[in-house]
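Engineer: Each chain is listed here by its residues.
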Amino acid sequence: MKNLLLILLTIGTFSSCLKDENLKQEFNGFTPQSITDDWQISTPANEHVDRDLLEKAYQLIYQDNRFLMARSLLVFRNGKLIAEAYPNDKTDIDRIHNIQSCTKSITSLMVGVAIQNNKIDSLDELLYSIYPEYFDEVQSKRTISIKDALLMQTGLEFDNSVHTQQLYETSENSIEFVLKQPQIYTPGTIMKYNDGAPHLISKVIEKKANQTLSDYANSKLFSPLNITDWQWEYSKDNTTFGAFSLYLKPRDFGKIGQLLLQNGVWKNDTIIDTNYLSEATSILTSANFNSEPYGYYFWILPSFDAYCALGHGGQFLLVAPNKNLVAVYTAFPYTNEQFWDERNELMNLLIESCK
Amino acid sequence: MGKPSRADDFSRSLVPFFLNNVPKNRKKHGFICIFVLMSFSASIKMKQSITIFFLLVCTTIMVAQADALKKKNSFQLSFGLNQIKEKTIHPKVHSGTSLLLKYTRKKEKKNRSRYNVSFLFSKIKTKYENATRSTNIQLKGDYGYLFNLKKTGKYQFFLGPSLSANYRLSFYPNWDESHLYWADDFSLELSNQFQYFINDKKTLVLDLNISAFSLFSRPELHRNHKIDDVSAGGIIKSMHSNYQFGTVNQAINICFQSEYQFKISDKIHQAIVYTFDYSRFKEPLPFRNMQHNLSFKIYF
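Heads up: the protein sequence lines correspond to chains A and B, in order.
Residue numbers 1 to 355, in the numbering used here, belong to the letters of the first sequence in order.
Residue numbers 1001 to 1300, in the numbering used here, belong to the letters of the second sequence in order.
The following block holds chain B by itself, in its conformation from the complex (with noise of 0.2 Å):
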């Protein structure tokens, strides 16, 4: 190592400030994560050098904050199967795999308040069709706060409101090389959880949402343009347009997880989760989507 940079003594002068505001249980892999940025700090720039330290101390002090709150992170990768039927093109259904990454934060008190967020991606196509060029794309979010209705040593029961937007952006090339074809919608949701403690290390967790009103947008049923207009701009202008109120009769979410949480040790906790996944939007801008995702998830 060289003559110290300007970055070894930003860091060095941060170090008393993480010392005393971190609790003694998370210094230990503070001093890692210091240690390790030092390390390289001279051989990187000083810019790199305080972004990373800046956002291994704020990581650090998150962490130590969410314990005091009890909250609690999740990250889930799933693998499944998807089917879409758009049926303002035809009704025929286009199948494929799907990978999808989600994002969970829980914050528990008495009752608990949940965000997720997901991102899907599958490749999907018709018996009709030797390739598979068609593509769906789903970006979903919601917030829920679910009350803690029954409490006992073996079980917990939540129930309570979400709201949730999701965002499904398709492109079926085969059948229309001109257009994307959206079902976006905002709901509001009753959401539940069962959880059974098995023992311990076991918890069985089973989740069900069930959209009751939503505001929907789909295109147009008759397109009478050419070419959208496939600027981000304008994907993004399209994706809001059109929009429609509907209760359970003209849209519904349904969405039912079932998942066994168990414990490896006290620091290591994950899951499997199995996750079923319907969509439908009613006439007279038709469109159904079903899932099943089978998913680890691990907790952090």
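So here's chain A without its partners, still in its complex pose (with noise of 0.2 Å):
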């Protein structure tokens, strides 16, 4: 007996291991949860939302490894949330979350911020006017304007891969940082999408406000949309990073997708210069590595007649007018890209499924 004993316990070590569990939590449907905050909430029947293409697009986070990281998922119509799951965890609905590239919106949106108090009297005005200590010898880098900034055509050779770390980590101004790499093309030329021309306009925004990007943005975007649970990141210099790393609630999240569904208006208030938000919202210029319709850091999505934030891990806030739609999708957002899909069949569910 002993010895039985002794064997099973050497075979029970010898092969023992590690099983792996659910990502997710079980799919208990979208009914919003009831707390306290600004959102009204409805049912997809009174809203004219078909609730079976809706479940599909729930049934896609849950269970479709495309979406292995999914964090959240919100729709709202009409102004009112009238779906929302959390498949990671429950909780996720009272955390602030990473909502990386989607930042660059929001920066675009402090810029019709900016127009609407005075602050900012054209797009056109070169940075060099603003910020000139930042600035080297090279002279082309002197005629990049804060338009050219916005459509992601400073010509400066940002690259992603390389530069966003150190800008992060770098001791030096970070302005200058960016401003230093070389010139390869005539600014107003080519777009290439970096993360180095949404912290110029940070800046811009810094010295146009006398106040950092994030200071400026919770007098004047969060504190009247009532988001008081938010964190932005700034670079060592204290300047607010415009590219990345703003964090927000995705109900909150969803309020800023409902201010730009009326225009930049919120309780009467116009808080978004309404040209400027129009402007931004539509084709502007194409983006050089995938040739989509781009205008102030908003992806445009002409086959859906919408527009969207669009942030690492495949996270988007999506703007619907025609439809009176705004959908908010979070993920994990440090995934690399191959635990992400492209957002296009969940996007096409959510817009589909309004009648």
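Calculated directly from the structure, the hints in this document are not laboratory data.
Take the hints with a grain of salt, since some may be wrong.
Pairs of lysine-lysine, BS3-like flavour, derived with a Cα cap of 27 Å [as the list claims (entries may be wrong)]:
1. B:K1140 to A:K19
2. B:K1087 to A:K19
3. B:K1125 to A:K24
4. B:K1123 to A:K24
5. A:K24 to B:K1282
6. A:K236 to A:K119
7. B:K1087 to A:K24
8. B:K1127 to A:K90
9. B:K1127 to A:K24
10. A:K56 to B:K1127
11. A:K19 to B:K1127
12. B:K1237 to A:K236
13. B:K1125 to A:K19
With the hints as a guide, bring both chains together as one complex.
Structural biologist: See below:
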């Protein structure tokens, strides 16, 4: 008997291994949770949304490996929250989350806020005229305008795969770091998607508003929308990162989508300059790497008659004005691209669900 | 060989010191070392000669002293299976082969004191990944003082406390391009060792260590910063942050080792070793690590 126990123990030890567990919680529908916030809750039926198509969208993020690292999917229609689910952890409802490059779109909105508050007169203003102290001797860099930076057409050779981490870690002046990159194109000619240009815009807003981008956003955007829980990272010289690392709760991210849907007006106050917003969310250029249409840090989706903010991990804020629809999708923000999918199938289901 | 260098002179001046301080049974090896050294000393720089000579003399003296104090060293090379479940990212298992190097030093009179230092390197992946990109590195050290509770002609049994420091650092670039993940602990463990003498040349040794109390460090569950400080100082600082105290309920290390020692001759003493290592940190910072290692061990 003792020998048998010993043999079993030995076999058990030799053969033991760790077991996989489910990545996501069990799907229990998408009825929004009742919590005390500004969102009015409704149902798909009341807002004329096809429940079956909506369910397909949620099944996709719960069960399809292309959405392996999904954290939340929220759908708003007619200014009401109609569907919500948190596949990874239900407590994500109350947790701020890095929206990564969706941050660029918020930076763009802050330009519209600055225009609305008479801090910026013209997008043709040159960066050199705003902060000449950060420029080197290369003359062509001095012709970069606010508009060029908003269109990712600075012509600077800022390579995200190399320079983003360096921007994060540099102890030198972060604006000088961006501006010292070689000029490879004439400003205003070729779009090159990068994290450097939004950082230049962050400093523009800081100089114009006399406060950091994050402080200005807090007073002019987050506070009016009653967004109290947020975080925005900054470089070592205290310049808010214009390109990434804004943290918001999914429902608060939805508020920004709703503000866009309302043309920058919130409770009868115009927060974002309407003309700027209209221009920012229209086709102004196309991306260098996938030829998709681009506005001022917004991706334009002509096939959906919509536009969106996109961030690492496949995250998005989708705004479809003609459908009166806003959708927020967040995912684990640091995942390699092999674990996130083209968002089109999910977006298509959401838009198609609107009758 | 050309004109004798200053290194030769220095080496020769240390020879009498060596002859007077090293026991007779070690002198033969020492002479060989000195011969080899002096043969090469003309062709290498003086500083290098001095360094090599100093190291050889020290090593020889230390080995001689070790005999007197019944010290025993061993070096172990292991290959094995390493599995990690880093639940702060996702609860899927990363598996891969590992290479482990371990040095052990034992001192024994009536009781036994033991030092271990080990280093493990492993490349791991989940079934979701096509290519193996994740890396796990572990550095461990422990000291144990084991009391000889029972000794007969056939077996010996030791039991006692030990202190261990375990550093486990992982990088999962497919799952998180921006952060390092660590699971470190300082633990007070209960160690025991059962030694069964099969015959004069063969011994079976069973070791079991179980942690009782641990001070453990894990990354925060929700890391609200885009990129870790990946400078050496930043990594060291991170790996000693966010400490928590835990008993076996929160943090546990279990290590079981079975060792088959055999002597080919009086001078050549070696062993084949199987090691099972399991570590678990529970919620809210869940982590699991399981290792199966097969080793070849040399005593010297």
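Engineer: Against each hint, give a clear statement of whether it holds in the structure.
Structural biologist: How the hints compare with the structure:
Only pairs whose Cα atoms come within 27 Å are accepted, and K1140 of chain B paired with K19 of chain A is accepted, the gap being roughly 25 Å. The hinted pair formed by K1087 of chain B and K19 of chain A meets the criterion: a straight-line CA distance of about 12 Å does not exceed 27 Å. For the given pair, K1125 of chain B sits about 19 Å from K24 of chain A by alpha-carbon distance, which is consistent with the 27 Å threshold. Restraint check for K1123 of chain B and K24 of chain A: satisfied, since their Cα atoms lie roughly 26 Å apart, inside the 27 Å limit.
Pair hint K24 of chain A plus K1282 of chain B holds up; C-alpha atoms about 19 Å apart against a cutoff of 27 Å. For the proposed pair K236 of chain A and K119 of chain A, the alpha carbon gap of about 25 Å is at most 27 Å, so the pair holds. Restraint check: the Cα-Cα separation between K1087 of chain B and K24 of chain A comes to about 12 Å, which is no more than 27 Å; the hinted pair holds. Distance check on the hinted pair: K1127 of chain B and K90 of chain A sit about 26 Å apart at the alpha-carbon level, within 27 Å; holds.
As the CA atoms of K1127 of chain B and K24 of chain A are separated by approximately 16 Å, the hinted pair is consistent with the 27 Å bound. With a C-alpha separation of about 26 Å, the suggested pairing of K56 of chain A with K1127 of chain B holds against the 27 Å cut-off. Under the criterion of a C-alpha separation no larger than 27 Å, the hint pairing K19 of chain A with K1127 of chain B is consistent with the structure, at around 12 Å. Note on K1237 of chain B and K236 of chain A: the hinted pairing holds, with a Cα-Cα distance of about 18 Å set against a maximum of 27 Å.
Under the criterion of a C-alpha separation no larger than 27 Å, the hint pairing K1125 of chain B with K19 of chain A is consistent with the structure, at around 14 Å.
Of the numbered hints stated above, none is contradicted by the structure.
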